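Q: This is what each chain is made of:
There are 2 protein chains.
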Amino acid sequence: MSLLVVGTVAFDSIETPYGKVDQVVGGAATYISLSASYFTNQIHLVSVIGDDFPQSTLSDLSRRGVDLEGLQIRKGEKSFFWSGKYHNDLNTRDTLITDLNVLADFDPILPEKYKHASYVMLGNLTPAVQRRVLDQLVTKPRLVAMDTMNFWMDQALDELLDVIKRVDLLTINDEEARQLTGEYSLVKAAQKILTMGPHILVIKKGEHGALLFMRDEDDQEVHIFYAPAMPLMDVFDPTGAGDTFAGGMIGYLAQTDDLSFENLKRALVYGSAMASFCVEKFSVERLTELDVPQILERIEKFRHLVHFDRDKA
Amino acid sequence: MSLLVVGTVAFDSIETPYGKVDQVVGGAATYISLSASYFTNQIHLVSVIGDDFPQSTLSDLSRRGVDLEGLQIRKGEKSFFWSGKYHNDLNTRDTLITDLNVLADFDPILPEKYKHASYVMLGNLTPAVQRRVLDQLVTKPRLVAMDTMNFWMDQALDELLDVIKRVDLLTINDEEARQLTGEYSLVKAAQKILTMGPHILVIKKGEHGALLFMRDEDDQEVHIFYAPAMPLMDVFDPTGAGDTFAGGMIGYLAQTDDLSFENLKRALVYGSAMASFCVEKFSVERLTELDVPQILERIEKFRHLVHFDRDKA
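The listed protein sequences correspond, in order, to chains A and B.
2 is the number of the first residue of the first sequence in the working numbering; add one for each residue after it.
2 is the number of the first residue of the second sequence in the working numbering; add one for each residue after it.
So that you can see chain A by itself, here it is in the shape it has in the complex:
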């Protein structure tokens, strides 16, 4: 099924305890699209860049089935730029520079064929842009998923809540779930969020995995599933891991077109598997060199990591 992806396509400069890279390819929509491209080749990208962006990256995205008709290229302007430095634990980071550039007045315009997308992934962006995308959809998608962050809770809470109201699936991290609801217990936070609009919630806990909550439309019962993060020898660069997770999850859903709880579980594991690859190298490098057998092998590792037989054989 077709997948509409909205988000940043950008440059990053990143420093981790393992090294430093300057002006490498980044951006939420880049990570989401690359990750999803292993599952579906009908990806409609909506974003904006300057004329400084490498043609080789754009050609690679096209080759992978990412439609770039909705990617605005602004002549003489610069692409969004983010620079950050990770602490030694790789779980926390300082933002050094955020240059909005072309993103400052971004107005997403959907080409006609994008308006009938079956699956929609609203990457982390100002809620006003996310809403503008939803407003242009002509047919109701099978699923609208949305990512956001604490920055928008601080800066544009009302607009954010308006968009949250209109989506089926929300992904946020644990601290953001607590901030959004005022509840420390993630179970209580989830119950509140599931009354705000979405009936599916994914709480990302970084190296501690991710929790899936789904409210059953029939009996209103909340089902819970937990996918761990893969314990790794080295986390080289966590940039884009959350977006890669979202891309793997929504890509798998677009591929299988099955929104049952059992299939959402699998989608969460596929997302975790893709994220576990992403952090193994800087930038999007690892995401451009995978193949399906490698992904399936990692899914199998996840199964071994958590599965146990309740009873002795």
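Possibly wrong hints are sitting among the right ones.
[What the hints assert, rightly or not] Below are the DSS-like pairs computed for lysine-lysine, each with C-alpha atoms no more than 27 angstroms apart in a straight line:
| # | chain 1 | residue 1 | chain 2 | residue 2 |
| --- | --- | --- | --- | --- |
| 1 | B | LYS313 | A | LYS302 |
| 2 | B | LYS193 | A | LYS282 |
| 3 | A | LYS206 | B | LYS206 |
| 4 | B | LYS302 | A | LYS313 |
| 5 | A | LYS206 | B | LYS302 |
| 6 | B | LYS21 | A | LYS189 |
| 7 | B | LYS193 | A | LYS302 |
| 8 | A | LYS302 | B | LYS302 |
| 9 | B | LYS282 | A | LYS189 |
| 10 | B | LYS206 | B | LYS282 |
| 11 | A | LYS193 | B | LYS282 |
| 12 | B | LYS86 | A | LYS189 |
| 13 | A | LYS141 | B | LYS313 |
| 14 | A | LYS76 | A | LYS116 |
No lab work stands behind these hints: they were computed from the structure.
No experiment lies behind these values; they were computed from the predicted model shown.
The hints should help you fit chain B onto chain A, whose structure is shown.
A: Just chain B, lined up with the frame of chain A:
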């Protein structure tokens, strides 16, 4: 199989966001023994208390199959006392008072029948006391497990390393694993610890679950398993959760007497299930009112929490 448990039997005063209790029953060996008593009724307790300890608690332990011959009762002296206050996140706490009392010069003396225990759980205590217990064993146990904490790494590292060298299974938390090895990656930390003596390592991550590492004796490969913590509406009082986890794990192993990786996985899940009960009420209250069907029901919840079908039906 018989299980020898060494550790504190004590009084706690605890404050959490949910309330405050004074002079309630606590201590590592108390939590371990109560938790293990749901799986084996051949528990040999080694500890020391003053004559201020409630007879009703001792009678209850006896009734549950905990042999108290190795519990020294010092006339006219006071039991070990700990007082702490949890922060709002319930993951961090301040110790307000630690009165060693009878523990200050505790010399563990094993009754004859204790010296042939099949399973041994060394609860968190000064490494010198843990070593004294090991020195008195006459037959080699099937498994010696040990818990410890960062305090001993700071105060008595050499003695601690000497005891670690002699045990089969070590349980510590994630920060302690990092401190002990100087490795931030838990996979790397585990690999180092598995060269220090133990061939089984359990890294406890509190609300984020627990990781099991086992070095295969044949090919030296390290196997990994992850058991999540149960997402709960409320964590009422986390005191004793780690000891309850260890007690459930070692109790299940003593019951099943099977040290295969598959059975260790189950033991970890049983430990997690027992810990998930422990935190639901203050002190040991929840651990005194359980029954086997309740425990099996929670094991089933853990299975649902993490199991997924790799392929669509």
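Q: Could you run down the list of hints and mark each one as holding or not?
A: Hints and how they fare:
Between the alpha carbons of LYS313 of chain B and LYS302 of chain A the distance comes to roughly 18 angstroms, so the proposed pair stays at or under 27 angstroms and holds. The straight-line distance between the Cα atoms of LYS193 of chain B and LYS282 of chain A is roughly 24 angstroms, inside the 27 angstroms bound, and the hint therefore holds. Taken as a hint, the LYS206 of chain A and LYS206 of chain B pair is honoured in the structure, with Cα atoms around 13 angstroms apart against an allowance of 27 angstroms. Of the supplied pair hints, the one linking LYS302 of chain B and LYS313 of chain A holds, its CA atoms being roughly 18 angstroms apart against a limit of 27 angstroms.
Note on LYS206 of chain A and LYS302 of chain B: the hinted pairing holds, with a Cα-Cα distance of about 21 angstroms set against a maximum of 27 angstroms. Note on LYS21 of chain B and LYS189 of chain A: the hinted pairing holds, with a Cα-Cα distance of about 23 angstroms set against a maximum of 27 angstroms. Note on LYS193 of chain B and LYS302 of chain A: the hinted pairing holds, with a Cα-Cα distance of about 22 angstroms set against a maximum of 27 angstroms. The hinted pair formed by LYS302 of chain A and LYS302 of chain B meets the criterion: a straight-line CA distance of about 22 angstroms does not exceed 27 angstroms.
Our distance criterion of 27 angstroms between C-alpha atoms is met by LYS282 of chain B and LYS189 of chain A, whose separation comes to about 18 angstroms. Between LYS206 of chain B and LYS282 of chain B the CA atoms are separated by roughly 20 angstroms; this keeps the pair inside 27 angstroms, and the hint holds. For the hint linking LYS193 of chain A to LYS282 of chain B, the alpha-carbon distance of about 24 angstroms falls within 27 angstroms, and the restraint holds. As the CA atoms of LYS86 of chain B and LYS189 of chain A are separated by approximately 23 angstroms, the hinted pair is consistent with the 27 angstroms bound.
Taken as a hint, the LYS141 of chain A and LYS313 of chain B pair is honoured in the structure, with Cα atoms around 26 angstroms apart against an allowance of 27 angstroms. The hinted pair formed by LYS76 of chain A and LYS116 of chain A meets the criterion: a straight-line CA distance of about 26 angstroms does not exceed 27 angstroms.
Violated hints: none; the structure is consistent with every hint.
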